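Engineer: Each chain is listed here by its residues.
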Amino acid sequence: MNPDLSSLETAFEGLLAAVVSSGSETPAGPEGGGPSCPPSGRCAPRVRRAEFGREGYHLEVQLRPDQVVEAARIADRFGFSIDAVTGVDWIKEGEMEVVYDFHHRLHGWRLVIRTRVPRQQPELPSIHKVFPGANWHERETHEFFGIRFLGHPNLTPLLLPEDATYHPLRKDFQGAA
Amino acid sequence: MLLEKVTTPEGAATQPGRETFVLNLGPQHPATHGVLRVKLTMDGEYILEAEPVCGYIHRMHEKMGENRTYAQFLPNTSRIDYLSAMHYTHAWVAVVEKAVGIEVPPRAEYIRVITSELNRISSHLVWFGAFLLDLGGFTPLLYAFDDREKILDLLEGITGARLTYCYYRFGGLYNDVDDAFLNGTREFVPYMRRRLEMYHKLVTDNIILRKRLEGIGPISAELCRKYGATGPVLRGSGVPADVRRTEPYSVYPELEFDIPTYPEGDCMARYLVRMEEMAQSLRIIEQALQKLPDGPYRNPKVPKTIKPPPGDYYFAVEAARGRFAIRLVSDGSEIPYRVRLRTPSFGNLSLFGEAVRGMLLPDALALLGSLDLVIPDIDR
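Protein chains in written order, with my numbering: chain A, 1 to 177; chain B, 1 to 380.
Hints were generated in silico from the structure; no laboratory data involved. Only a predicted model underlies this, so the values are computations on that prediction, with no experimental measurement involved. Do not take every clue at face value.
Interface residues of chain B toward chain A, partial, derived using beta-carbon atoms under 7 angstroms [said to hold, decoys possible]:
id, residue
1, F188
2, Y191
3, R194
4, R225
5, K226
6, G238
7, Y249
8, S250
9, I306
10, P310
11, G332
12, S333
C-beta: ideal position from N, C-alpha, C; glycine also.
With the hints as extra help, turn the sequences into a complete structure.
Structural biologist: Shown next as structure tokens:
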């Protein structure tokens, strides 16, 4: 309906198509070693128009962990503002989801970018160079979930005590002693 | 304020031979309005680096959301930003209503708007008093709290609480409003208009205030975008972004109001935005009172146990400090799988380190006050 939203959709589809084709040639994982797509297959790259009235966002992009920086650049180019970065622990599937929320200040669009990393090796690149505001959100996601953002300048606890070694939002967290 | 050490941190010194030192602002300091600590690297009176240190009152609301039912999490939402509790509860009930598909009667939506806007005024009044207190003016605080008390009395009459209202329920409200509230609110609107006029005469045109605020702490619209700053901070940088307008919810599309913006981006712009927002809120309340329909205040068909279908839901509201959003992940059970609270003070404070660089310490306090932080809103 909105021509600009479709151009955004096209931009993400272009990103996915480009990396899917190059990914088939180099099956190596995002950060070397790790599987490029976790076993559940839920990370199958796709761009989806969401049902705004119910779900609360317009466009949902599912991609591989090594694509998040490029995806953030696209969001930046379209004038999106960062909302939040967060995680979801899918413990039964052995994966952790990292969710990036963006909103457009004037058009009112909401964009969700999702990716999944294996629980054993939760690593993906940081987007703080594209959106400096992601710095704190990534620190928070790191302390709550133990997800490591590679290239982050200061991945220390933000809200938890500075010597905290636990990750309270992991589903197997048993509570403080 | 405490002198921590008189050494030169690596890379901080701008000129050879200049000595820098680290100054702790907080965690207990009147200007931080709560337990926030800011580590300042100073060159004399000038700030080289500022690093906010958060988490002193972290309560892990997001984990609490994962171990109680949807209804049991309702009281938590009033306690994140205790000055703007209505908006936060609104976001929680709305995200659940959308997920489950609960209809809200129009009367309930109008009362939600009236109480939310009253809450916005009371929140801005606290900011008004406290901000001027930061700048050295003591008296306005007493006036502002006097007016705020009138709002708190009105809201206490219908909700039973002064700050942590927990007034909205899935599909409606805790109870209906009575005549005392409606008449009291009708009287409050013209009263508050007169008071705002007086504030403008006494405070806004004050030469000392203008010298303290004009041109101080400029924040560009681009900086706000990169850091996710929203609310009056963003509108003080000239961007007419307001969730009530850009992503309309409740009955806001049926009401007329303006989005005040000022392009300067300085502390004065943020001050003026909030002052005008109070007037706009009064306008909204007046219209909503006129249009308030009869009918039920709660949907009688709301299921006893709330079980949203599995999925990922998102809802944002315009709270007093900016955009507050909740991401709710449901696995179909009666307990949320994940609750993410995206709070406005978090984004607004995160740009402080970059915006304050090179400023004088007293100006930095003006900037900090103009961001209108509520610390539990950052720490959650």
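Engineer: Please go over all the hints and tell whether each is borne out by the structure.
Structural biologist: We went through each hint and held it up to the structure:
no. : hint : result
1   : F188 : violated (31 angstroms)
2   : Y191 : violated (34 angstroms)
3   : R194 : violated (34 angstroms)
4   : R225 : holds (4 angstroms)
5   : K226 : holds (5 angstroms)
6   : G238 : violated (11 angstroms)
7   : Y249 : violated (10 angstroms)
8   : S250 : violated (13 angstroms)
9   : I306 : violated (15 angstroms)
10  : P310 : violated (12 angstroms)
11  : G332 : violated (14 angstroms)
12  : S333 : violated (13 angstroms)
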